[in-house]
Amino acid sequence: MSIRYSIAQRTPSLNSLFAGLACAISLTLTAGPALAQTEEMGRVEISGRVVEAPIRYDVHANCQGIEDQLQSALDLTWLREGRYGEVKVQLALENGEVSGVEAKGISNIVARQVRNAVNRLDCGPQSTSGTQIYSFSVDFIDPAMPASAAQYAKAKRTGTRIALVSR
91 MSIRYSIAQR TPSLNSLFAG LACAISLTLT AGPALAQTEE MGRVEISGRV VEAPIRYDVH
151 ANCQGIEDQL QSALDLTWLR EGRYGEVKVQ LALENGEVSG VEAKGISNIV ARQVRNAVNR
211 LDCGPQSTSG TQIYSFSVDF IDPAMPASAA QYAKAKRTGT RIALVSR
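Add 90 to the 1-based position in the sequence shown for the numbering used here, that's all there is to it.
Rather than coming from a laboratory, the hints here were simulated on the basis of the structure.
Incorrect hints may have been included.
Simulated restraints on C-beta separations [what the hints assert, rightly or not]:
#	residue 1	residue 2	range
1	E171	R210	13 to 23 angstroms
2	N206	L111	44 to 54 angstroms
3	L107	K178	36 to 46 angstroms
4	Y174	T120	12 to 22 angstroms
5	S106	R202	55 to 65 angstroms
6	I199	S106	53 to 63 angstroms
7	Y174	R210	20 to 30 angstroms
8	D212	A114	14 to 24 angstroms
9	R205	Y174	14 to 24 angstroms
Values in this document were obtained by computation on a predicted structure and should not be read as measured data.
Backbone N, C-alpha and C fix where the C-beta goes; we use that ideal spot for every residue, glycine too.
Generate the whole structure from the sequences, applying the supplied hints.
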C-alpha cells in the first residue's frame, strides 16, 4: 500500500518552513536590484595592492595618440601572428603613468604583446588626480576584408586598420 502525500498531513513546522522560503525568495527577487550598485567598479592590482575605482571608457580623451602608439607597437605582432580578433584591456593610470594592465583575448601571446604595448604608452598628465581605470578593446582586423564588410566594421567602430582601439 503506497502512502500518498497530502497537504493535510503537513505539520506547522513544515508550513512555517515553506512560508519562510517563499518570503526569502520574494525578498531576494525584489530587493536585489534595488541594492545593486549603479556605477560599475573595477579592480586592478598595482604593485601588490588592489585599487578599486569606477571603470571609464573615454581612454581616447585621456591618453592622446593611443591609436598611433598601439598601431606602431603592435605592427610586428600582427605580422608574426596574423590572427584576427579582439583583446579586452583594462588599464590603470596613476598621475599620467600606466600603473597596471590586464589583457585577455585571441591568444596568450597576443594578449601579452598588447599588455606590453599598453604598459609602454605615454599618456601625459591627467586632468583628474588619483588612479583611473579604463576599459577598451584592441581589435586585430583583416586588412584584406571585402569593402562592404570593412564599411560595416568602420560604421560600428572607428580607428586604425590593424590595431583598432574601441570601447
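Evaluated hints:
At roughly 19 angstroms, the beta carbons of E171 and R210 sit within the given window of 13 to 23 angstroms. Between N206 and L111 the C-beta distance comes to about 53 angstroms, which sits within the given range of 44 to 54 angstroms. At about 45 angstroms, the CB distance of L107 to K178 agrees with the hint of 36 to 46 angstroms. Take Y174 and T120: their Cβ atoms lie about 45 angstroms apart, and the range 12 to 22 angstroms is violated.
Between S106 and R202, the C-beta spacing of about 57 angstroms keeps the proposed range 55 to 65 angstroms intact. Look at I199 against S106: about 59 angstroms separates their beta carbons, and that is inside 53 to 63 angstroms. The hinted range of 20 to 30 angstroms is satisfied by Y174 and R210, whose Cβ atoms lie roughly 24 angstroms apart. Checking the proposed 14 to 24 angstroms range against D212 and A114 shows it is violated: the Cβ atoms sit about 54 angstroms from each other.
For R205 and Y174, the Cβ-Cβ distance of about 19 angstroms falls inside the hinted range of 14 to 24 angstroms, so the restraint holds.
Violated hints, listed in ascending order, are 4 and 8; each of the other numbered hints is respected by the structure.
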